[in-house]
Amino acid sequence: MIPDLSNLIVLYCLVPLFAGLLSVALVNHQWPSRILGVISFATLFLGAVSTLCAIVPGQDILVSQMGGWAAPYGITLVFDSFSGMLIAAAAAVSLGAYIHSFSTLQPKVERRYFHPLIQMLIFGVNLSFLTGDLFNLFVAFEIMLMASYALLCLGASDQQLRHAYKYVLLNILASTVFLMGAGMVYGMLGTLNIADMARIVAEAQANGESLPVGFTAIGVLFLFVFGLKGAFFPLWFWLPDTYWTVPIAIGGLFGGLLTKVGVYTIARLFPLVFAQAPPIGVEASDMRVLIMALIAASAAFTMFLAVLGAVSQHHIRRILSIHVISQVGYMVFGIAVMTGQALAGCAFYMIQHMVVKCSLFLCCGLMEKHSGTDDLDKLGSLLKRDKWLGVLFFVAAMSLVGLPPLSGFFGKMVIIQSGWSAGLWWLAIIGLLTGALTLLSMLKIWSYGFWNPGPSPEAEPAAVVRSSNHFAYIGTVMLVTMALFLGFGAPVAYEAAFVAGEQLYNPTAYVEAVLGDGRLGDIAWSDTMDQPTVTPTENLALRTAP
Amino acid sequence: MTVILAVCVAVTVAVAMYLLLSRELKGIAMGVFLIGHSANLVILAMSRSPVITTAEGSKSLKLPPILGYGEDAADPLSNMVDPLPQALILTAIVISFGVMGFLLALIVVTGRVTGTLDLEDFDDNPEGVDPERQAFSARWNAPIPDPTLNNPHPSARASGRPEEIATP
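So the protein lines, in turn, are chains A and B. Sequential numbering from 24 applies to the first sequence in our numbering. Sequential numbering from 5 applies to the second sequence in our numbering.
Here chain A stands alone, though its shape is the one from the complex (with noise of 0.2 Å):
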């Protein structure tokens, strides 16, 4: 633990708060607001990484309770090595298409309280990466969404407004079904705290005693809810239907960003509280059974069909939202697995996921500018216009498709490594051909827009794009290395990656930290995949005996 920086990660929630409140009043001044919100983000990501730099080699957690009320009672804010590696990916993400909307967004948009709505969206997002309680994380996600709801209808086209229905309602339904969840296991088990409802299950199953009746009913509810927000195999339709109607830094800044927190709260919960692995010498329950199969029979469906339908589109912003699903395909593939390796395969390729998806909406958006529409049709000759652009949207689509010297490869390889060896062969034959999917609509993307001489666009001269979108272009840039950094320095990220791998899947020190030591007595998670299970019966007698 190091004292000095705990308390200090509240920051990462008061500052886009601050930046926001202060923009509010700046909402006629363009540029101050503007530099601003660079500030804000910059700040965040650099203090993410530094913060990253100093725990992860001694696998500290930062705790903070705020308020001083400790922990089963008061708020709690955590910053392992997972979280923290979202913020920093997060506030990476919002920077590049931060910057990017600068010349692409219209004024008329911009005034109309942009630049609060996205830092209240990334203070949403950052509290619900931090928080360790279900109803602030509740909160944390009503924040999130209510900030996103205005993005999505900001400007008020006709498209925009017909689309964003689906959007709001299965996403209002979705927290009122969460706000159930959060009361009755309030009910059930006494307490809203995340850490200590896995000290309350681990207990019981140690015991052997059964847990409350309906415990399973609950974990399937929350299932339902992150799954609709993370937008898996049944509960997706929202998704490719709105992004794509949303000016193009903030589709990116979605695509990048939202899914991932119904991805984090299922990695964060399920590991931790509702598929809990049971303690050394218990059995695994048939609540763990049910649910592992349920994460990846929606795991096989998602990253398939989804791929099959981005094959099916034809315009670029409808096939990278589709893509958005398939990708989260992998992240609950890596879930589902369940093993520490595993989870940290989930956690590289989702901080890698939200790098890259969000440099090819951006790149999408720099295609737009240069031929005035997304339709494949319509597009042609782009790498003679700019062969620069080529070269950025090659990048990115092949770290999204997974080629071995990019990001992707290296996310995508330990889970349908470790998924092979779990005996999950299945899921990762599905995984590998989803990648082979991914590379054929990237390719068609490819070859449509940039090789096919197709119809010449009636647009303004390259020259004149290039030199009025340059901040379109320095937001792209930044993404990109950043992509590439992520592919060509993959192992100091996967050093964080494994970190928070194994802290998911051993919480035992997530837990001591929130609690305090000795909170837990001597009870250990065990590893019910690779050990042979011993019953309760033989434990007993190991235990009977002198």
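In case anyone wonders, no lab produced these hints; they're calculated from the structure. A hint or two may mislead.
For the chain A half of the interface with chain B, some residues (derived, Cβ under 10 Å), not all of them [claimed, not checked]:
1) Phe41
2) Glu165
3) Leu168
4) Tyr172
5) Met207
6) Val208
7) Asp309
In silico negatives: residues of chain A with every beta carbon more than 10 Å from chain B [what the hints assert, rightly or not]:
8) Ser180
9) Leu184
10) Leu196
11) Val243
12) Asn529
Using 25 Å as the maximum straight-line C-alpha spacing, the simulated SDA-like pairs for lysine to any residue come out as follows [stated by the list, open to error]:
13) Lys30/B <-> Ala14/B
14) Lys131/A <-> Lys30/B
15) Lys189/A <-> Arg27/B
16) Lys131/A <-> Gly115/B
17) Lys131/A <-> Phe106/B
18) Lys66/B <-> Gly213/A
19) Lys189/A <-> Leu107/B
20) Lys189/A <-> Met21/B
21) Lys401/A <-> Val312/A
Just so you know, these numbers come straight off a predicted model, no measurement behind them. A virtual CB, placed ideally from N, CA and C, is assigned to each residue, including glycine.
Starting from the known structure of chain A, fit chain B onto it as the hints suggest.
Just chain B now, with coordinates in the frame of chain A:
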């Protein structure tokens, strides 16, 4: 008591789901409103029954959760209401008000822009709009008539602000 709450929750959720599945956006808004309330009732039901039965069989309500107000040191929750669910409900009510306000504003803007409040009309090709829908949109976007223009009374002229009303 808990049973009554459970029945209330069941009824409100059922009505809310019926409204959420309707075609009209106004009906959907009412559904969102109701389902928020039913979530609050679920949390309230989780604070266990507020009625306590004494050993003699007489029933009384639990005490308010205030320190030094008849609490039982061994098991405070035996004769005091659990305050936490109510605090949660308070937060949830405020949030659902915010969501509701946003949704209603969104519906007003949608009506103005698309000219319809019926989800069936939300198709992907706004080019072939039917005249009825255009008329609706025009009605929405028409400038609000100035009430002071035809009113000869001088006090109405003084209180109205024609320059703001005429340009909505």
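Non-conforming hints, listed in increasing numerical order: Those not satisfied are hints 1, 7, 8, 9, 10, 14 and 21.
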